[in-house]
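Number of protein chains: 2
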Amino acid sequence: MPLSLSLGQSSAISSEAARFLQNVPTIPFAGVLSPFIARPSRVPSMRAQFQKGEDVVEENIIAKYNLSVNTITLGDVPVLVISPPKPTDPSRIIYNVHGGGFMLGTARDRTALLFAAEMNMIVYSVDYTLAPEAKYPVAQNQCLTVYSELIQKFDPQHILGLSSSAGVPLIIAVLNRARSEKLPMIAGLALFAPATDISGAGDSLTFNESRDVMPPILSLELVRQNYLGTADPKDPLVSPIFAEYGPHFPPTVMITGTRDVMMSGAVRFYWKLREVKVQVEILIMEGMWHGFNWEPDLPEAIQVRSAVRKFLQELIK
Amino acid sequence: MPLSLSLGQSSAISSEAARFLQNVPTIPFAGVLSPFIARPSRVPSMRAQFQKGEDVVEENIIAKYNLSVNTITLGDVPVLVISPPKPTDPSRIIYNVHGGGFMLGTARDRTALLFAAEMNMIVYSVDYTLAPEAKYPVAQNQCLTVYSELIQKFDPQHILGLSSSAGVPLIIAVLNRARSEKLPMIAGLALFAPATDISGAGDSLTFNESRDVMPPILSLELVRQNYLGTADPKDPLVSPIFAEYGPHFPPTVMITGTRDVMMSGAVRFYWKLREVKVQVEILIMEGMWHGFNWEPDLPEAIQVRSAVRKFLQELIK
Chain A
1 MPLSLSLGQS SAISSEAARF LQNVPTIPFA GVLSPFIARP SRVPSMRAQF
51 QKGEDVVEEN IIAKYNLSVN TITLGDVPVL VISPPKPTDP SRIIYNVHGG
101 GFMLGTARDR TALLFAAEMN MIVYSVDYTL APEAKYPVAQ NQCLTVYSEL
151 IQKFDPQHIL GLSSSAGVPL IIAVLNRARS EKLPMIAGLA LFAPATDISG
201 AGDSLTFNES RDVMPPILSL ELVRQNYLGT ADPKDPLVSP IFAEYGPHFP
251 PTVMITGTRD VMMSGAVRFY WKLREVKVQV EILIMEGMWH GFNWEPDLPE
301 AIQVRSAVRK FLQELIK
Chain B
318 MPLSLSLGQS SAISSEAARF LQNVPTIPFA GVLSPFIARP SRVPSMRAQF
368 QKGEDVVEEN IIAKYNLSVN TITLGDVPVL VISPPKPTDP SRIIYNVHGG
418 GFMLGTARDR TALLFAAEMN MIVYSVDYTL APEAKYPVAQ NQCLTVYSEL
468 IQKFDPQHIL GLSSSAGVPL IIAVLNRARS EKLPMIAGLA LFAPATDISG
518 AGDSLTFNES RDVMPPILSL ELVRQNYLGT ADPKDPLVSP IFAEYGPHFP
568 PTVMITGTRD VMMSGAVRFY WKLREVKVQV EILIMEGMWH GFNWEPDLPE
618 AIQVRSAVRK FLQELIK
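Chains as they are written, first to last, in our numbering: chain A, 1 to 317; chain B, 318 to 634.
Think of the hints as simulated: they come from the structure by calculation, not from any bench. Honestly, I wouldn't trust all of these hints.
[To be verified] With a straight-line cut-off of 30 angstroms between C-alpha atoms, the simulated DSSO-like cross-links for lysine-lysine are: (1) A:LYS317 <-> B:LYS551; (2) B:LYS627 <-> A:LYS310; (3) A:LYS277 <-> B:LYS594.
Go ahead and model the full structure; you've got the sequences and the hints to work with.
Structure below.
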């Protein structure tokens, strides 16, 4: 069964976006089947299938922009260094934490590649250990290690942070722990389709059920069975919506769409930061799904990435 | 049948908001019955019932803030002048166009009263003629007449515009026509639950069907049968999403919620203005319905009105 898309809905988005939505497969009986689909034993095949599709897209971006991709280690953590042929200023860099529900994806994610190309900057993308092989807080510790190394190698105010979906609780926990350890903040953040609350709260998890690329119940079940271990989803270091913030937090732009199951997490986090006087912007796109922003050629994705660049470039001028 | 409200949804909003949603009556068989409910002959009773509830709230606000409310005429159009006891600066004023689907409400609307009180400013609120007694473009012409008078009496850069729901296409058409007539723009705009597209397009009309205070099909049917006449809903002076804008357009803040049937209209209009370099901000509140902002004591409404004041006050400093 395809996702529902009325004439009134498709007339308010690009024809490319409408075609994308018409091709999203839905999972029948997701509510009943999710606990089984999400079992740790099923993760390797899910990962292989996901990566097969991603590899094609990633290699196209690398070829199109002539990017170089090299693995280094920082404090024993593997990090992918993605570079355009002639970065505008090698002293200004991006720190990227990829998404994928803590279980899927690699440091060579589309966002890392697209921003290396489109901002003409070098990206350091953390290749953290996935779940279920590593449970909370292994990946978070690895991301903090890389952060600590990068702020020594570069002027923290020349570093921009990017993260997507499940990468968002990782990068925000890193910043909150860095703050506790009196480490400096970086210049700014872009959070794509942010998973700020993995406790299951929020309006969009309900209204975008059966409207987004993946059923929220499956996402939550995958995280519960594979990643959380004994951690409480309401722990402020697990779900950043429950942490406290202050004006020291870096200027932040958040990107979501009206079909994104995590839209409410972005909306709520916007207000959380705004109320403590953090410079914050929310970019919500009509009819767009979880992660629409990393489609290389989708008009809405191109438009939103341009707005994100505008926000970030102001911060490292 | 009450509106649906899961535990995950209610845990992300105030308890006051959850109580409000639990008390919203739904209209059974709205899809089938709307053409009959929306008939012109039924408008007077609908209006009387609506106003009965509003009168109580409005009179409470007037008493609480000791507001004065007087009717004047500007260019033969009745205008309500709402004033706090000691306005901060009588040379800086608000121009208000109320909502109510072109059929309901009066110039003494909650937003006019609340902003007179909370911004301590004098509000000029247009008492335009309602539909079906007057069809398109009578009300729009009246609003333009009042605009033309106000920009002569006051420095246009000392005037802020407010409008709600169906008041939004009126105030924007006024600005677009004023621009064509080479009249000056005002200093800024706040658009609450904006009806920027009354052609029936947009994602939120679908996903917030049965989740908001009124079925979208009934709103559209009321407008069609009572207001539009022979006008095309895609006419740029009818639905502002179809008009062209430029950087001359006043700085604008838009207010909506994730349950608002008109959220997509706000989201789309945000991008429309942003892309032509208008200063624009969108304030989206988690779980909030169409017009939540005019609840006097709702925590989310208080919070968003405070953010709106902050935006507007910067513009007339």
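Right, here's what the structure says about each hint:
For the hint pairing A:LYS317 with B:LYS551, the CA-to-CA distance comes to about 42 angstroms; that exceeds 30 angstroms, so the pair is violated. The hinted pair formed by B:LYS627 and A:LYS310 meets the criterion: a straight-line CA distance of about 24 angstroms does not exceed 30 angstroms. For the proposed pair A:LYS277 and B:LYS594, the alpha carbon gap of about 24 angstroms is at most 30 angstroms, so the pair holds.
Going down the numbered hints, you'll see the structure goes against just number 1.
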